[in-house]
Amino acid sequence: MEEKLTFKKYRRGTIVSIILVIICLLFFSIGKLFQPTKIGHIRRNAIPTILIPGSSAGPHRFDALVKDLNHRDHHQHSLLRLTVHQNNTVTHTGSISRRDTRPFVVISFTNNHDGYNNIRHQSYWLRTAFSYLKQHADLHTFNLVGHSNGGLIFTDYLERYYHQQSLDVREFMFIGSPFNFNNTVQNQHTTMLETFIKQQNKLPHNLVVFGILGAQSYSSDGRVPVQSVDASRQIFQNHVQLFNELLVTGQNAQHSDLVRKVEVETLIHNMVMHTAS
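Heads up, the sequence shown is in the working numbering, so the first residue is 1 and it goes up one at a time.
Calculated directly from the structure, the hints in this document are not laboratory data. The reader is advised that the hints may include incorrect statements.
[Unchecked claim] Calculated cross-link-like contacts (lysine to aspartate or glutamate; reagent style EDC-like; alpha-carbon spacing at most 20 Å): (1) Lys198 <-> Glu159; (2) Lys67 <-> Asp257; (3) Lys67 <-> Asp114; (4) Lys67 <-> Glu265; (5) Lys134 <-> Asp100; (6) Lys67 <-> Asp230.
[To be verified] Ranges between beta-carbon positions, derived for each pair: (7) Asp138 <-> Gln164: 32 to 40 Å; (8) Asn182 <-> Arg120: 14 to 22 Å; (9) Leu242 <-> Asn182: 26 to 34 Å.
Every residue, glycine too, gets a C-beta built ideally from N, C-alpha and C.
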């Protein structure tokens, strides 16, 4: 009789122990599920360069550029790619090395179509991408490079969302960005350009801006009129700390090739390497 009672107590104790183990495993699993996905062990003085491609371009648009810049610097900089989906979620590939204080981050969108309405959507999704970088990598300081519509997305973001996110953007370079779309008459503003001008007071006043104009035929880069890119001065001049423009001509001055232009690569390299921490 006593042995039977002892056995029952032992079996009951075993069951309780198993239940406790299961509960602990569940809590551990739930904790892992909601733990932020780290994208690297980032140094506090890291200043990533964020790159956004133009319409219809994907996350690998800047692979050749980053390879060239790594070759110039004799250093393999990290390359992280974020994709923002239409449901406002973010996925990533790659990581940022702990030793790298000047990594590259390419941000692309599953809806990468042209048009002002899409640009405004992409600007909102860029806000989501910056939140993701803050949450998962504790990054707050950035340089920006936008090719074609990428420059428009950055501009819309800087005017509409930047002040909401407690970020520090040091330098911004746009390359062949059509601020007045295909218009060649500067006093005929598109809705987008007119909106950018109206909201220019929201631009960060300590921002340094570089504008790259391509002139394959002295009037356009083969796709974007020089006058459309030059319309940017109506937005930035006297509203940021410094605004510079560079007109590039000759070989590789075609719209899609501008990011590989030697002069442009030199400017990006200087931006990446010489920005003070």
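A quick look at each hint next to the structure:
1. For the suggested pair Lys198 and Glu159, the alpha carbons sit about 10 Å apart, so the restraint of at most 20 Å is met.
2. For the proposed pair Lys67 and Asp257, the alpha carbon gap of about 15 Å is at most 20 Å, so the pair holds.
3. With a CA separation close to 27 Å, the supplied pair Lys67 and Asp114 exceeds the 20 Å bound.
4. Pair hint Lys67 plus Glu265 holds up; C-alpha atoms about 11 Å apart against a cutoff of 20 Å.
5. Taking the CA atoms of Lys134 and Asp100, the gap is near 17 Å; set against the 20 Å cutoff, the hint holds.
6. Note on Lys67 and Asp230: the hinted pairing is violated, with a Cα-Cα distance of about 29 Å set against a maximum of 20 Å.
7. For the hinted restraint 32 to 40 Å between Asp138 and Gln164, the CB-CB distance of approximately 18 Å leaves it violated.
8. Distance hint for Asn182 and Arg120: a CB-CB separation of about 19 Å, consistent with the stated range 14 to 22 Å.
9. Distance hint check: the CB atoms of Leu242 and Asn182 are about 28 Å apart, consistent with the given range 26 to 34 Å.
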